[in-house]
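Engineer: One line per chain: the protein sequences are A and W, in this order. With the numbering used here applied, the first sequence corresponds to residues 56 to 466, in that order. With the numbering used here applied, the second sequence corresponds to residues 27 to 262, in that order.
To be clear, the hints were calculated from the coordinates, so they are not data collected in a lab. Honestly, I wouldn't trust all of these hints.
[Said to hold, decoys possible] Dumping the calculated SDA-like pairs for lysine to any residue here, alpha-carbon to alpha-carbon at most 20 Å:
{"hint": "1", "chain 1": "A", "residue 1": "K456", "chain 2": "A", "residue 2": "V445"}
{"hint": "2", "chain 1": "W", "residue 1": "K144", "chain 2": "A", "residue 2": "S64"}
{"hint": "3", "chain 1": "W", "residue 1": "K144", "chain 2": "A", "residue 2": "I63"}
{"hint": "4", "chain 1": "A", "residue 1": "K456", "chain 2": "W", "residue 2": "S101"}
{"hint": "5", "chain 1": "A", "residue 1": "K456", "chain 2": "W", "residue 2": "T84"}
{"hint": "6", "chain 1": "W", "residue 1": "K144", "chain 2": "A", "residue 2": "T59"}
{"hint": "7", "chain 1": "W", "residue 1": "K144", "chain 2": "W", "residue 2": "G160"}
{"hint": "8", "chain 1": "W", "residue 1": "K144", "chain 2": "A", "residue 2": "K456"}
{"hint": "9", "chain 1": "W", "residue 1": "K217", "chain 2": "W", "residue 2": "D201"}
{"hint": "10", "chain 1": "W", "residue 1": "K236", "chain 2": "W", "residue 2": "L211"}
{"hint": "11", "chain 1": "W", "residue 1": "K217", "chain 2": "W", "residue 2": "G198"}
{"hint": "12", "chain 1": "A", "residue 1": "K456", "chain 2": "W", "residue 2": "D104"}
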Amino acid sequence: MMRTSDLISSAGRALRANPMRSALTALGVIIGVASVVAMVALGSGAQAQVERSIASLGSNLLIVVPGAMRGGGGVRGQAGAGGGFDSLTLDDAAAIAQLENVAVVAPSQRARAQVIANGANWNPEVNGVTPDFLIARDWNIAQGRMFDETEERQARRVIVLGNTVAINLFPNMDPVGQTVRMNGGTYEVIGVLESKGQSGFQDQDDIVLAPLSTVKRRIAGRRGRGDTVSQISVKAQSEDVLSRLQEDVENTLRQRHRTREGEDDFTVQNLSSISETMAQTTGVFTALLGGISAVSLLVGGIGIMNIMLVSVTERTREIGLRKALGARQSDILHQFGLEAVTLSVAGGIIGLVIGVAGAWGMTTLFNLPLVVSPLNAGLAIAFSGLVGVVFGAYPAWRAAKLDPIEALRRE
Amino acid sequence: MALIEANNLTKLYRMGDETVHALAGVSFAIPQRDYCAIVGPSGSGKSTLMNILGGLDTPSSGGITIAGNDIGEMSDDDLAVFRNQTIGFVFQSFNLLPRLTALENVELPMIYGGVLPKERHERAAALLQRVGLGERMGHRPTQLSGGQQQRVAIARALAGQPALILADEPTGALDTNTGIEILGLFSQLNKEGATIVIVTHDHDVARATKRTIEMRDGHIVSDELNDRSARHDANV
Ligand SMILES: Nc1ncnc2c1ncn2[C@@H]1O[C@H](COP(=O)(O)OP(=O)(O)O)[C@@H](O)[C@H]1O
Ligand SMILES: [Mg+2]
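Isolated chain A (complex conformation) (with noise of 0.2 Å):
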């Protein structure tokens, strides 16, 4: 019986002996296994940045929009289909802060401005809210400060602004303290949101919050003024009562709208269940593409059945010699199967590393975070040195059952 040490040194002598061939056979395992890595890698990144984006536009959140969601799916409710753009009202609002489990409700009121400082311009999302709205999305400012409850029910002239647009209008000062021009009114500039980054393709940071009764009054058009709201964001007080709140919300709205199920005119999204939605469709993406990409593996270990078959082949003699020297058919099973198995988790290893620079590159270029846990790299090892001992099988098998008179006879 040959021992461990033996057959690993036997293996890897017979692989140096033709390095370009061996190297050429390990090819198909690097293709495979990198574009496994790589694919898997980017499509977990595409799933991180989606849960991310929609986790950062807060937590344990219901956002209730007028107008029933039109069939039933989708991130942002399409507002419209039944009941109109103005069925939501501050007296809503007020209803919603009346129910259990309810930690912060926040009404706000969408428009559409340019803004205009040192001669520059921008057309940002304005939106009036009231102070609570912080703490619904949990945003934080960055400079300065947040209006109060009194400058929002004074309808004082003042903004914070979204980073994107605070970047752009005031890019060498503070824009704290600096005045801007919208719908020919002037604002002081009291703070600067922490950015938030993209959601989706929303830059979320590309806002402009005003207090709800300005936003009203001088901003909104005739539409929004009036007791409508274009959104109420309601926080839960914990994760565990965010469904509960749901159907608490929607029957609320129900009795003081004189809807039925089915006929309503509004929709409550809740958002960690669109996470989850989110997560497990790109979750099915990610394991498509990887089941793609795994193809190009099968496809590299038929190539390394191949190459062990030729090999065997030349080799009937030495096969013959060393049977008749004493080695057992399980001795050259090992020592043709250690060969297959060596040749795809190099392969493998290499894979690896290669699959990992190119999602990285590829994650760079997409914006997207990389996500490589050290299961997933072990499974490729695991896997590639699997595909080794599948398809070094046969050739192995074929060589151990060599008749060795047979085998020495052979030129």
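Starting from the known structure of chain A, arrange chain W with the ligands on it as the hints suggest.
Structural biologist: Okay, now just chain W with the ligands, sitting in the frame of chain A:
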């Protein structure tokens, strides 16, 4: 008890409807320390007999024991161990592995015998010294002459401390003088106690041994002590 006892050995090959009796019932005994030649024309069954003696093949019928092993009854793995522990093969075409050095070629049977590397190196080096190749241990087969290659092969055959050395036309690929040198080495090994069986079609080679078994059509037609070596033995 003799080292080899063969009793009415047969080996049949079926080629379609035809049956070839490669061995048609041979019986003989070879004692320890014998030095014996098996001769006969091509197709007479020499190689078939040799393969059975070496545990590479099993007889169709008949009994054969070698060093107490009943060859006919052994499994493939048992035969592998038997070849490793009991038989030393010397081939006409040397059959050295070209990628290995002389020393590594001699170590090969010991690898399958599970001998530890250190002991393996030492034994292989001593054996190469023994066959006169102490200076050539690191050479590869292509860097050695035919005679030197056959010496490496003989050292390899001795590596497992075998009870029996089997040589199939060991001088067939060598020029006359080198052949004589190799036969001299066999004689010497035999004097030191090795049991050697040489298969050859060359009567000059046969005459260098102690005993000649002649085969024809699967039968043993004669089995005689060689005069010269008998005389030589008598002189000792
Ligand atoms: N594997 C085989 N299949 C069929 N016939 C064989 C086989 N091996 C040997 N023979 C036949 O057996 C006979 C003896 O062959 P062999 O032992 O090789 O003779 P030798 O070595 O004396 O030339 C020959 O007729 C040969 O054709
Ligand atoms: Mg022959």
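Engineer: If a hint holds in the structure, say so; if it doesn't, say that too.
Structural biologist: A quick look at each hint next to the structure:
Our distance criterion of 20 Å between C-alpha atoms is met by A:K456 and A:V445, whose separation comes to about 17 Å. Restraint check for W:K144 and A:S64: satisfied, since their Cα atoms lie roughly 15 Å apart, inside the 20 Å limit. Using a Cα cut-off of 20 Å, the hinted pair W:K144 and A:I63 holds, with the two alpha carbons roughly 17 Å apart. A distance of roughly 14 Å separates the Cα atoms of A:K456 and W:S101; the hinted pair therefore holds under the 20 Å criterion.
Simply put, A:K456 and W:T84 have alpha-carbon atoms about 16 Å apart, close enough for the 20 Å limit, and the pair holds. Pair hint W:K144 plus A:T59 holds up; C-alpha atoms about 16 Å apart against a cutoff of 20 Å. For the given pair, W:K144 sits about 17 Å from W:G160 by alpha-carbon distance, which is consistent with the 20 Å threshold. Distance hint between W:K144 and A:K456 is unfulfilled; the C-alpha atoms sit about 31 Å from each other, more than 20 Å.
Between W:K217 and W:D201 the alpha-carbon distance is near 24 Å, which puts this suggested pair outside the 20 Å criterion. For the given pair, W:K236 sits about 14 Å from W:L211 by alpha-carbon distance, which is consistent with the 20 Å threshold. In summary, the hint linking W:K217 to W:G198 is not supported, as the alpha carbons are separated by about 23 Å, beyond the 20 Å threshold. At roughly 15 Å between alpha-carbon atoms, A:K456 and W:D104 fall within 20 Å of each other, so this suggested pair holds.
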